[in-house]
Amino acid sequence: MRIAISSDHGGNNLRREIMQLLDELQISYEDFGPQSADSVDYPDYAKPVSEGVANGEFDKGILICGTGIGMSIAANKVKGIRCALVHDVFSAKATRCHNDSNVLAMGERVIGPGLAREIVQAWLETDFEGGRHARRIEKITELEQ
145 MRIAISSDHG GNNLRREIMQ LLDELQISYE DFGPQSADSV DYPDYAKPVS EGVANGEFDK
205 GILICGTGIG MSIAANKVKG IRCALVHDVF SAKATRCHND SNVLAMGERV IGPGLAREIV
265 QAWLETDFEG GRHARRIEKI TELEQ
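FYI, in my numbering the residues of the sequence shown are 145 to 289.
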């Protein structure tokens with residue numbers, strides 16, 4: 145599994161925490177920054193992660209900003225992306241099982257690092273169920289055209 149990860153300035157600390165988790169889990173990732181605490185525009189950081197997942201360069205993506213809202217909106221503008229804004233473990237599992245989400249968005253100002261680590265681990269370890277859910281994903285894909 146290969147992960148693309150990025151944040152804006154509001155998600156820098158949580159991004160570093162999640163990269164540490166990925167290291168612990170021995171999951172390969174590419175960090176798209178930013179590398180400083182200077183204010184940046186979240187769409188500029190959502191774009192390379194989302195495009196990398198959409199074109200198959202990465203299996204999944206993780207985006208973090210202050211609330212996760214801006215990142216999720218920006219990511220979902222990229223064709224082929226199903227980005228879910230998640231702040232609890234149940235939703236992390238559900239969005240993989242039912243929605244086959246390929247990008248996870250979280251908010252550093254909303255959740256702490258311990259919960260974020262649990263969310264990411266649950267999201268990465270949960271498979272898409274397929275079946276009736278596959279039909280619904282096909283309908284979402286049709287909306288992109």
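Errors might be hidden in some of the hints.
As the list claims (entries may be wrong) - Computed cross-link-like contacts, PhoX-like style, restricted to lysine-lysine with a CA-CA straight-line distance of at most 25 Å: (1) LYS191 to LYS283; (2) LYS191 to LYS223; (3) LYS237 to LYS283; (4) LYS191 to LYS221; (5) LYS283 to LYS223; (6) LYS237 to LYS221.
Simulated from the structure, these hints should not be mistaken for lab results.
Hint numbers contradicted by this structure: Those not satisfied: there are none.
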